[in-house]
Every structure is written in C-alpha cells, then in structure tokens.
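Given the structure of chain A, go ahead and fit chain B onto it with the hints provided.
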Amino acid sequence: MPSWATLLSQAFNGLALGSLLALVSSGLTIILGTLGVLNFAHGALFTVGAYAIFVAFQYTSSFFLAVAMGSVFMLVLGILLERVIVRLFYDRPHEDQILVTYGVGIVLVEVLRNVFGSHAQRVPVPSWGTGVTEMGFLMYPTYRLQLIGMVAAILLALYLILYRTSLGLVVRAGIENPGMVGILGIDVKRTFLVVFAVGCVAVGLAGMLYAPVVAVSPDMGATFMVQSFVVIVLGGLGSFPGAVVGGLIAGEIISITSAFNSAYSDVMLYGLMALVLVLRPQGLFGSEGRV
Amino acid sequence: MTRNLPPALRAVLPETILVLVLVAAPLLLPPLGFSYDLLSRVLNWGLLGLGFDILFGLTGLLSFGQAAFYGVGGFVTAYLLVSGKVASVWLALAIGTAAAGLFGLFVGWLAVRRIGIYFTMITLAFAQMAYFIENSPLSDYTGGENGIAGVPQPKLGFGESALTISAGLPMYALLAVAFVIGFALARRIVMSPVGSILLAIRENTPRVAMLGHDVSAYKLAAFVIAALYAGLAGGMLGSFQSYMPPDAFSLETSGQLVVQTIVGGVGTLIGPLVGAAIWLWLRDNLQVIPGLGALWKLVLGIAFIGLVIWLRRGICGEIIHRMNKRREAAAVKAAQARTEAIELSEAGSAAGEPASEPAPVTVRDIVLPLAPPSRGSGDVALATSGLSRHYGGLKAVDDVSFEIRRGTIHAVIGPNGAGKSTLFKMLLDEVSPSAGEVRLFGERITGLGVTRTAQLGIAKSNQLNQLFPNLTVRQSLRVAALARSRGRMKLDLIRRSGSLPEVEAQVETVIDSLGLRERAETPAHILAYGEKRRLEIGMALATSPNVLLLDEPLAGMSPVERLATRDLIRSIAKSRTLVIVEHDLDAIFQLADRITVLYEGRLLADGSAEDVARNQAVQDAYLGGLHS
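Those sequence lines, one after another, are chains A and B.
Position one of the first sequence corresponds to residue 1 (the UniProt record's numbering), numbered consecutively onward.
Position one of the second sequence corresponds to residue 1 (the UniProt record's numbering), numbered consecutively onward.
The shape of chain A in the complex, shown without the other chains (with noise of 0.2 Å):
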C-alpha cells in the first residue's frame, strides 16, 4: 500500500495527465461526431503541435506567442488536410476513413522525423512555471499546475464554442442527426472544414502545453492517441462532455494505478475499455446509434 502522500501526488499527475488526454480527446471526438471520421492522425497532430511550439519557441523565445503561432500553423494545417484529402471519403466507408487518416499520420510523423531527426528534443519550461509550488499539503511543479489551469481554459473556450455560439448549435444538431442539418439548407460542407480545423488546434496545443515536461519526438504522439481512443469510448463516442469526464478517469487510472504496480496501468485502462465497449458501448455520455 503506498503512502497518503505518493497517493496524493499521482492523483495530481492523473488529473495534469487526465485534463490533457481531455483536450486530445474533445477533438477527436467532435470530429468524429460531426464529420463521422474516426482521425488515425490525431496521434501525429499531438506531435506536429508540439515541433510547433519547439520551433516557434526558437524564433519568439516567449512561450505565449509561440502558442499562438504554433495555434494559426494547425489551423492552416488543419483547414489543408481537409479540403485536400479528408473531404474525398466523407461518402466512403469508414473503413477507408481510418486508413487515410491513418496513411495521413504515417506521412506527418516521417516529414517531422525528415526534417528534425530521431532524437529527442527539449522546449524549456516557460520562466514563470519552474520550480514547485508548496500547496500547504503537497510539493508540485508548478508548470504542471499551470498545465491543468490552461487546459482548463481552453476546455472552457471549446464549450463556449460548441454550446453558446451558432456554430456550435449546428455542430451538435450534426452530432445528433447530420442528415436533417443538410436538409435545413446549412452548409455542411462549411461546418465540417470549422470542426476539422478546431480538433486539430485543440489536439496541437494539447501538444505544445505538453512539450516542456517531456522529450520532443516524432512518436510521441502515438500512445497519446491510443489512450485517447479509450477515453472517447469511456465517454460516448461524439460526446464532448463524455470527452472531458473520460479523459480525467483515464488519467487518474493511470497514475493511481502507478502508484500500486506501474506494470498493471495500461493494462487497467485498456482492460476497462473492452469493459465498456462490451457492457455499455455507448458509453457514459453517448448514445448508441450515432456511430
């Protein structure tokens, strides 16, 4: 048994873990629940946001500008791949779906393995988040705090997105049923380039907060997006909130689980996404049908 403290601090590093498997998640599962599309290049996205920032950071040297250059580059990223290759296969098997975006994140992660080699590279911790913060109860790094804080927001901002604009009216109309959204005459097309584009500016910032706290490198992005697949199912394919709820679960499995036996962490949550996949495959916030 581990003590109160080891407990208290993986149950930190799960919720810093939990709240960026959230962002990767959201948009992966706005894309999937507008569009249809399950993106296999999620995982590559994850990485190209973080060589972003590590480029942008060379140029800048200050770490929120570099985010907001790193945020246009994805934006533009994101609106290329889908009027170039994503927009062919919306009326093609879901089948041919994976294996492009798969092709996709195959292509994106050798382009940055091309241009920037195997070895791991390193975005400093910006000035203001180094060392740790005595929260009276615990030691933490304060980045890591920083790290929740600003997924925080940005989660915020995507609701705002998706729950109090137009936009997001017709994104989550799309979610419930996409074919009567086209026959009220709104541009479906139009839609699914704006949802495209925010997933992978959500999943590359994912990527560039990421950055400072481990190694850069081209596969990095992979497990990130395995994990995310987990918690979409946790949370109900398409379900934004079941995104967010999905993602703290799964970064908490992880890091309590850690805390008993590392070796039995992927295992848990991969053992509870067959769980759920078999006893409730909708998921805690989907309904089943959709997908």
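These are computed hints drawn from the structure, not numbers from a lab.
Only a predicted model underlies this, so the values are computations on that prediction, with no experimental measurement involved.
In this text, a Cβ means the ideal position worked out from N, Cα and C, and glycines have one as well.
There could be a bad hint or two in this list.
What the simulated footprint calls covered on chain B by chain A, stretch by stretch (three residues with Cβ under 8 Å from a Cβ of chain A suffice, anywhere in the stretch; the number is not a length) [to be verified]:
| no. | stretch |
| --- | --- |
| 1 | 114-127 |
| 2 | 254-264 |
| 3 | 293-307 |
Calculated Cβ distances over 12 Å to all of chain A for the following chain B residues [said to hold, decoys possible]:
| no. | residue |
| --- | --- |
| 4 | Gly60 |
| 5 | Asn135 |
| 6 | Leu138 |
| 7 | Ser139 |
| 8 | Asn146 |
| 9 | Ala173 |
| 10 | Ser250 |
| 11 | Arg312 |
| 12 | Asp379 |
| 13 | Pro559 |
| 14 | Asp593 |
| 15 | Arg594 |
Relative to the frame of chain A, chain B by itself:
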C-alpha cells in the same frame, strides 16, 4: 489464354503460378536486394496477411489488432520451446497457433457484435492490452521488453538423422511450403459456401441475417481463421530468427499489416505478400543509402495515401481488375446495353405507347426442391395478438390482432403511415414489438430475432431493395438458398460453393421463375429496376419459405412488369402462404383471399376481399372523409 488449359489445371492455376514464383524468387531476386532472410520475412508477413485478407478483404472487417494473435502465437511457441516444456518445434507451433485461435475466439466473440469504428477500436484495445500484459505482468515468462532469445530451429526427422532447418535457404523453403499450403487453404475457404456468405456479409450484412444465416457466427469464424493464420506466422517468426521480439505485439505491427495489405491489394490473398515485399525491400535497401535513410517510410506513406484515394484495389487488385476487365468488358457492356434496352421499353410502355406487345407470360409451377413448405400444422400459419410498436409517443402499430390462414394470399393495406411496414417487420422479428406477440403455426416467434425466424420459414422481400450489389443474380440466389439447407451456421470450409446439387437446383428453378435466365451472370447493380425488384423477391423465395412476406412488390414497376410480377406471385402462392403489403388496390383485390386494413396503427377491418371492399370505415379511410 487460360481458357485453353484443361479444367483440372485451371482450377489450381493460382497455386501453380505461386509455386513457380516462389521457386524462382531465391534464384532471381537476390541480386536486386532480396536476401534469403528478407524473402523469408516477406513470406512470414504474407502468411499473417492471408488470414487478415479473409477478415478484411473478404468479410470487410478492419482489424487494427492482428498483432495480438501474431504475438500470442509467437510467444506461446517460443516460451514452450525455450523453457523446455515442449521439445518438438512442430508441436510447439501447433500449440501456439491453437492458443492464438483461442484468444481470437475470445476477442472475436466480443468484437463481431459491433460494426465499423467500434469493431476496429475493440480489436485495437485488445491488442494494446495484450502488448502491455506481455510487457509487464507476464515478463517472467515473456522476457518483457527483451523478448525471448534462443528459440530453436525446427528439425525434420527423428533422432540422430534429424535435419535441422537452418537460417537462409532451408528456412525460406520451409516458409514457402507453409505459405503455399496456407494460400491453397485460404483459396478453398474463399470459394466455399462460407466464403460466399462472408462476401455477402461485406456487401449487405442485414440482408444476410434476414436470409437466415447467423451473421455473428460467420464473422466470428472469419475472425478465428485470421487469428489462426496470425498465430502460425508468429510462431514461425520466433523460430526462424531464433528470437521472439516484443514488437510483434505492437500497434506498429498491426498497422504495417494493414498498409501492406492495402498496397499489395486487398481481397486478393496474395496482396499482403506483395505489399510486404515492397515495404521490407524499401526499408532494407533505402536505409543503407546515406541521406535517404529516413525517407523510405515517408515515400511509403505518401504512396499509401495515393492508393487509398485513387487505387483502392492495390497493386494486385488493380492488375487482376485490368485483366478481368479486358476479358469481361464485352460481357459487362452487353449487360448494360440490355439494361438500357429494358428500361427504354419500360419507359415507353409507362408513357402509354404500346412499345411492344407484352410478352406472353408463361405461368410455371414453382417446385422448390428444398424444405417443402409443409412444416408445422394447423390452419393458421401466422397470428398476431395485441401487437404494438411505439416510438416515443407515436403509436406506429397499436394493439393489432389478426390471423393469416395457411395457403392463402393475405393482403395488408392502408393509407400511408398506417403502420404496414412496421407491422411487417414485426412479423419476422426484424423489429421487436413494444407489446404483444407473433405466433408461427402456434409457436411464439417474437424475440427470436430475424435469423431464427428465417430458419423457421419466414422470408420477406423488402420495400426498398436489399441486394448484394456486386454479386451476380446466381450468386445472390445461391447465398439465399444456402441458408435453409445449411441451417444458421455450418463450417464447410473446403467444399466448393456451387457443389451442393439441391441448392443449385433450387437456384436454377428460381432463376427461371423470375425470368432472369439470360441475366444469371449479371451483377445485381447493373440490372434494370424491374429486374432488381424481381431479384429482391427471388432471394426471399430461394430460402424456400413457408410464409413469404412481400412489402410493396409492385412498387415502381411498369404496367408490363406488374402483370408479370402478379403472375409470379400467383404461382408462388400455390405452394405457400403469402402476405402482401401493396398500394395497388386493383392488384390486391384480384390477388388476395383475405385483406387486413390498417389505419393510423390500428386494425380497421379484417375479412374477405368482398367484405372489406364494402366496409364503410375502409372507404372513409381511403377517401379521407370521416363521419362526425
């Protein structure tokens, strides 16, 4: 060119070519950068791919978790050998393969109930779980991240004279033999009745279930077959490189298999092998060129995207397609021209011009050799009591009770939205009722599901065609006829699909009665509209049902075709019970013995055609006037 060969040789032509290529490869290819080791690895991937192609290419189920079975087969084999629990490599291979099959049975049992994205994600989740289980909890047995080193090579013979199959050419020969046997077996499976049904599942899953095949069981069979191939390939991997790597379990392995299969050609069996040759050759040969080392996978990735967008058939698929196209172009063109001619003459007759004398319809007695419609006894074939279906507040069907007498033509009519189609779907348990039940010859069938009710002898032709677009008329009818003769599930993997005489007789009878003799080899999607409608009815008929439900059989037909179809219906009815939903009231009053009228989900009238025609409430419902 293949036409001049004797039939016995033509039947094994792909195997013959394969053997020649595999014999020639180690002689001709090494100067091009294909070492024996590389060729052996290509064969190993190809073996893994054979199973995957049956699962994905034939059945249409995209698994991103084949690594799980590759890994299980590999690690079970390697562990048994290295720990000394099993001495014979062959026995260990057999146990490893069986273990992968068992794991496949477990994962598949959970996965095949889900479709599309869910199916892919379940396979991926289990593969990741297997990877992490190998990596940590079981690392005492599997070596964790180090894998298992020192896996022995197989021996031929016994004792002193035993011949060790060493790396290099001998190992290549062993893998080549395994691949040829695996390929021949896979081809038999594709051509078996099971193969036909798996192909039909890819084309239109709900219709296969409605014909009476247990779709989940067949999908599971495909899944386990794929797992067995993967297990065998995994077991041989450890043995031929003397080392079992943990990467076998990784997501990259599953992904590489998918990419190779798409590049080489999905649904061709040989495609994964060709894809593997390209992948491994690029990696091994570009990696040694300075400056290009990291480029090989980028090139492959771009090519992969291009193939998925433009050449979804892959390399082998495209070659086969081009060869067939040249050979069959004339036939397809002729079929399309025929379709246009039929549609033109129909358009003419629909516009009132007597384009041609309606062909005299010869009414045949349809004698179906299979499952004579005598099952069950009693005068009432089908009965409903209190049958209801509510969607939220909408009562689509509300408390409907009526009986359908055996051997009659029974019509269900009513204005649009009266609940006819919903009622129909509940009669064969395609839609489960909110309340009430359906009895077939006194036996409750509600809750059995559409596959079991089909096996009990209820078939339905749908309001909207539910065909297998790329299957020919004969193939479609064969899939239907196979259902009643073989039961819900039968694993006759080696038998040829067209070799069951009673099924073939059935198919020929139905082709004749539909008047589709000259179109027997035409794919369903090329048929004219009226022909598609007849095929839709024919597939239901080919299951040799006791009770046949026809949902708007005349909808959208030209006057000439209506006549022909009406005669067809009459001749079908001679030997079975028929229930029809139809808007063409003239046809109904000519055909039907008894009529049930639905109005706003409730039973309005039920009786003989004369009674119903005189019924005041029915007249009001149709004319829209309601007494106040």
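**Report entry** Claimed clearance of chain A by B:Asp593, with the beta carbon kept past 12 Å
**Finding:** B:Asp593 is indeed farther than 12 Å from all Cβ atoms of chain A, at 40 Å.
Query raised in the report: Once the closest CB in chain A is found, is it more than 12 Å from B:Arg594?
Result: holds, 37 Å
Query - 12 Å Cβ clearance of B:Gly60 from chain A - result: Violated, since 7 Å does not exceed 12 Å.
Report task. Confirm or reject the statement that B:Ala173 sits farther than 12 Å, beta carbon to beta carbon, from all of chain A. Result -> holds, 34 Å
Query - Status of the stated non-contact between B:Asp379 and chain A (beta carbon gap over 12 Å) - result: Its Cβ never comes within 12 Å of chain A, the nearest being 41 Å, so this holds.
Report task. Between the stretch 114-127 of chain B and chain A, see if three or more residues pass the 8 Å beta-carbon test, and mark the coverage as holds or violated. Result -> Three-residue rule met by the stretch 114-127 of chain B, so holds; n is 10.
Query raised in the report: Under a C-beta cut-off of less than 8 Å, do 3 or more residues of the stretch 293-307 of chain B approach chain A closely enough to confirm the stated coverage?
Result: The restraint on the stretch 293-307 of chain B holds, since 9 of its residues have a Cβ under 8 Å from chain A and three suffice.
**Report entry** Reported absence of B:Pro559 from the contact zone with chain A (all CB gaps over 12 Å)
**Finding:** holds, 34 Å
Requested in this report: Decide, holds or violated, for the assertion that all CB atoms of chain A are farther than 12 Å from the CB of B:Asn146.
Outcome: holds, 15 Å
**Report entry** Least C-beta distance between B:Arg312 and chain A, which was stated to exceed 12 Å
**Finding:** violated, 7 Å
Query raised in the report: Is it correct that the beta-carbon of B:Asn135 has no partner in chain A closer than or equal to 12 Å?
Result: violated, 8 Å
Report task. Could you let me know if the closest chain A CB is still more than 12 Å away from the CB of B:Ser250? Result -> Since the minimum Cβ distance to chain A is about 9 Å, B:Ser250 lies within 12 Å and the statement is violated.
Against the hints set out earlier in the document, violations occur for numbers 4, 5, 6, 7, 10, 11.
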